[in-house]
Amino acid sequence: DQQVKQNSPSLSVQEGRISILNCDYTNSMFDYFLWYKKYPAEGPTFLISISSIKDKNEDGRFTVFLNKSAKHLSLHIVPSQPGDSAVYFCAASDNTGGFKTIFGAGTRLFVKA
Amino acid sequence: DTGVSQDPRHKITKRGQNVTFRCDPISEHNRLYWYRQTLGQGPEFLTYFQNEAQLEKSRLLSDRFSAERPKGSFSTLEIQRTEQGDSAMYLCASSHSQGNEQFFGPGTRLTVL
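The listed protein sequences derive, respectively, from chains A and B.
Mapping of the first sequence onto this note's numbering: position 56 corresponds to residue 56, and the numbering continues sequentially without gaps.
Mapping of the second sequence onto this note's numbering: position 58 corresponds to residue 58, and the numbering continues sequentially without gaps.
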């Protein structure tokens, strides 16, 4: 039962262009969403998050959009840089039911110079 | 503070042996999480602690798995009678009680022969 789905295993983008990573969820109780970035041989690192009371959160080159009716969120990276090449995980938690966090399978982003 | 640390980084064991992993969280964090990650998948929640109390365990955590956080600081994850299917990366993360953002350690890669 995959409650958080990232349907694109990989994405390739030219440097300077926009990267859009997508994530869908099924559990309507999720009220907080996060994106993590992972380089090889390292643990995931937190990138950006959004509460279910918002529909957009921006931090520098990174913006997360949340569409609750569609149970969909996306991460936009603009402009993309070669150093952004990594695996990106979408994650969701239900804070009223505890703080267990459910992760998607990840999308590997390649940013070509 | 240098972040979340995990020991060992790699463990190779024979089927049927017991193994124990250690996690040292960021010192002021009172929540600690254990995840398992296999190739091509995101981190799968195993269990989490608030201080020394284990508040939730996943159905993935069979009777062979046990986790402790005796003094509310470091934690150990023990796997008894290891099986080949236990081969995975075991990740530990910690967080403040007021935040959803989790800080991950580098993981312990377990190989069961």
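Everything labelled a hint here was simulated from the structure, so no lab data went into it.
Please note that the accuracy of each hint is not assured.
Said to hold, decoys possible - Calculated cross-link-like contacts (lysine to aspartate or glutamate; reagent style DMTMM-like; alpha-carbon spacing at most 20 Å): (1) Lys100/A to Glu83/B; (2) Lys56/A to Glu101/B; (3) Lys57/B to Asp84/A; (4) Lys5/A to Glu44/B; (5) Lys100/A to Asp7/B; (6) Lys56/A to Glu68/B; (7) Lys54/A to Glu44/B; (8) Lys100/A to Glu68/B; (9) Lys100/A to Glu101/B; (10) Lys11/B to Glu42/A; (11) Lys112/A to Asp94/A.
To be verified - Where chain B lies over chain A, by a calculated footprint (3+ residues, C-beta under 8 Å): (12) 35 to 45; (13) 68 to 76.
Virtual Cβ for every residue (Gly too), placed ideally from N, Cα, C.
Now for the hints, and whether the structure bears them out:
For the suggested pair Lys100/A and Glu83/B, the alpha carbons sit about 26 Å apart, so the restraint of at most 20 Å is broken. Taking the CA atoms of Lys56/A and Glu101/B, the gap is near 17 Å; set against the 20 Å cutoff, the hint holds. Distance check on the hinted pair: Lys57/B and Asp84/A sit about 34 Å apart at the alpha-carbon level, beyond 20 Å; violated. Taken as a hint, the Lys5/A and Glu44/B pair is honoured in the structure, with Cα atoms around 13 Å apart against an allowance of 20 Å.
Note on Lys100/A and Asp7/B: the hinted pairing is violated, with a Cα-Cα distance of about 23 Å set against a maximum of 20 Å. Of the pairs offered as hints, the one joining Lys56/A and Glu68/B is violated, with about 38 Å between alpha carbons and a cut-off of 20 Å exceeded. Proximity of Lys54/A to Glu44/B is assessed by CA-CA distance (about 26 Å); at most 20 Å being required, the pair is judged violated. Pair hint Lys100/A plus Glu68/B holds up; C-alpha atoms about 17 Å apart against a cutoff of 20 Å.
For the hint linking Lys100/A to Glu101/B, the alpha-carbon distance of about 12 Å falls within 20 Å, and the restraint holds. For the given pair, Lys11/B sits about 16 Å from Glu42/A by alpha-carbon distance, which is consistent with the 20 Å threshold. Note on Lys112/A and Asp94/A: the hinted pairing is violated, with a Cα-Cα distance of about 36 Å set against a maximum of 20 Å. Given as covered by chain B, the segment 35 to 45 of chain A passes the check, having 6 residues with a CB less than 8 Å from a CB of that chain where 3 are the minimum.
As drawn, the segment 68 to 76 of chain A meets chain B at 0 residues by the rule of a beta-carbon pair under 8 Å; below three, the given contact is violated.
Of the numbered hints listed earlier, those contradicted by the structure are 1, 3, 5, 6, 7, 11 and 13.
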